[in-house]
Amino acid sequence: MAVTRFAPSPTGYLHIGGARTALFDLLWARKTGGSFILRIEDTDRSRNSLTAAKQVMDDLRWLGIQWDQGPEVGGPAEPYYQSQRLDIYNRYIEQLLAADKAYYCFDTADELDQMRKKAAEKKQNFVYPRPSKFPDSADVEKAKAAGRDVMVRFCMPDEEVIVDDVVRGQVKFGGKDISDFIILKSDGFPTYHFACVIDDELMGITHVIRGQEHLMNTPGHIALQKALGFKTPVYAHMSITVSEGGGKMSKRDRAKVLKDAIKKTEGLDKEKLASIGGISAEELDKFITGDSMPDNPAVDAMAEFLNVELPEVNIVDFFKSGYLPQALVNFIALLGYSPSLANSPKTRPRLAGEAGPPVAQEILTLQELIDTFDPSRFNKTNSLFDRKKLQAFNMEHMKLLGEDELLSRYKDFLKVVKSPAAGADDALLKRILKASEGARTLADIDHKSRFLFTEDGKIEYNSKDVEKVLLKNNGEGLAMLAELKTLLSLLPVLNEETIEKMLRGLAEEKKVGLGKVAQPLRVAICGTTVSLPIFESIDMLGLDATIRRIERAINQFSGK
RNA sequence: GGCCCCAUCGUCUAGGCCGGUCUAGGACACCGGGUUUUCAACCCGGCGACAGGGGUUCAAAUCCCCUUGGGGCUACCA
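All you need for the working numbering is the position in the first sequence, starting with 1, plus 708.
Since the hints were derived computationally from the structure, they do not count as laboratory data.
Think about it this way: if two alpha-carbon atoms lie no more than 25 Å apart in a straight line, the pair counts; the simulated DMTMM-like pairs of lysine to aspartate or glutamate are:
| id | residue 1 | residue 2 |
| --- | --- | --- |
| 1 | K967 | D993 |
| 2 | K1156 | E1204 |
| 3 | K893 | D795 |
Simulated DEER-style distance windows between Cβ atoms:
| id | residue 1 | residue 2 | range |
| --- | --- | --- | --- |
| 4 | N1087 | A828 | 33 to 39 Å |
| 5 | N1203 | V1124 | 30 to 36 Å |
| 6 | K978 | Q1075 | 48 to 54 Å |
| 7 | L1092 | N1181 | 42 to 48 Å |
| 8 | M924 | P1128 | 47 to 53 Å |
| 9 | L1092 | G741 | 31 to 37 Å |
| 10 | F1013 | K830 | 48 to 54 Å |
| 11 | E868 | T973 | 51 to 57 Å |
Predicted, not measured: the structure shown is a model, and the values here were computed from it. Just so you know, even glycine gets a beta-carbon here, dropped at the ideal spot from N, CA and C.
Produce the entire structure from the sequences given, and follow the hints as far as they go.
Next comes the structure, spelled out in C-alpha cells:
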C-alpha cells in the first residue's frame, strides 16, 4: 500500500515531463492498492495562479490520471494547496529555530550574488557562511527596523548523507558541500524544500517518484527529515526526457522554434505580430533578442499567425495536435521504463532466428501498465522524445478504441481546434472516422474531411495539384471532369456502389487506370489530391455539391 | 568552475545485478519491393548498435578503472 503524490507548481499548463512523473506515481499507487495524492505547490506567489492549477487538473483528468486525495476531491490531509498551509509550516520553523537547527539571516539578493561570484572565482561551490552565533529575536527586530529582509536557513549537518535510491542505488553526498538552504522566505512563505518535506510527512507519503533533477535536492530533504524526526520515504529518481537540441524538454523548446521562425520571416510586420500575441512591441523585441519569453497563449497565437508548427510540449499541445490520451500515456510510460517481460500480458515467445528473451509488446492500456508496473525496472538513461513513434502509437490506440469512445474523443478534439466539422451530426462523423482507418492522428482525419464542411465556393485549389491532375496533357483531367459531370447526373441512385461502378466503368472504357478518373474528381471536390476514399467522399458530399464543384473547377481552370 | 547522474541500432529499448545460451532481439524511423482511387494503412525484404582505451577472466555488451561524450543541480523557482 504505497502513498504517492504528484506535486506540481502551477505556473502554467501541465507539460509532458510533469505528466510522466504523475503517471508513474499513479501507477505505483494503483499497483499497490494505495493512494495517489495531488498537492499544489504554490509557494511562489509571483509565479503561481489559480487558473494554472485548474488547467493542470484538467490536463491530468484528460490523461486519465485521477487523484484519490487533493483539490476538488478532498482527503484526510486537507488543504492540498500549500499556500493554505502556512500556519503548519510556521510551527515547524519555530521548532527548528528553538532547537538551533535553523537560524535567521538578513542578506540582500545583491550580497548573496557577490558571495556567489567570489566562490565562482575561487572555482568553488557556493556554501553559505554559517554564523558562529545565530541571530536572536533582538537581531531580527533590529534587521526589520533597518528595513532588511528576514529569512530562515536550515543548519545543514556536517555529516555525509546517503540517498538510497530505487533507480540509482546509493548516492553519497558530503554534508559540508551542501549550503545551509533557505527554508522560510522573506515573504513568510516556505521554500519548496521545506514545504515538501513537511507535507510528505504529514500526508504519509511512502514513495517519491520524481525526475532526476531532484536528486541533488534530496540530501537536504533527508537532513531536514532527520532534524524533525520524520520518516524518509523511498525515493526513485527517474531519468529525464530531453528534446532534440539536448536538454530537458520544456516550454522553451516551443518558444525557440517560434523565435527562429520570426527571425527567418522576411518583411515581417512586427507591430501586427505583437498585437496578435497580445504583447507590446518592446516585449516582442525582448523575446527576439532572447531576453525574455512570452507566455503560452501569446506564443501559440503568434505561431498560428505565422503558420509555424511548434513542437508539442504541454499536454494541451498534444490534445490540439490530435493525439489520444491513451496513446500519450502509453508512450510516456515507455520512456525510461519498460515493463517486466514476466508480468506482461502481451509477451510473445521468441521466433526462430530471434536472439534473446521473449518479446514484450509495447501497445498497452493504462490498466495493463498498472498491472505490470515494477519500479525496479526504471532505466537510468535519459531519453529523447520521438514524435514519429508517438504517432505510430496513436494510430494503434485509435484502432483499439471502440467506435463510441473514438467518436467522443474526436468531437472533443474538433471543438478545441474550432473545426468547422465540430457541429456535424454523429452519424456523419462516425462515417468519416470509419473511412479514415489508418490515420495517425485526429488532426489528420479532420484535415482530410474538411472539404465536407467547406462551402462549395470556398474550396481552395492547390495550384500544384491542379496543374498535375487537371491541366497537364492538354487538360485531360478537365475533359474527364466534363464526362464525369454528365455521368454523375445520370446516375439513378447515388451511393458508394453506384459511384464505384460508374467510375470503374469509365476508367475501363477509356483504358486508363482508376487514378486518371478519380484524381481529377478528387481535386475538383477537395481542392487537393489528398482526401478520404473517393467513393465515400462523393457519397457524403452529395450529388448537388459534387456537380457544383465540378462545374466550378471546369469554369475556373478551362483555357489555362 | 563545483557537485551528482548516465552511456546497446538514427530513436525508444531487451539482454547486464547471476560473465559463456548474443553471428546482440523487438518497436519506431529510414531504404527497397508488393498492394492500391490519393494520403495513409497493410504485406514482404533490407540497412543498422554494445562510445574509446586499459584491466579481471579460459571467456565481457555484461564486472573494475580511466578517457571521451551527454545530462542534471548549482535561486528568497519548484
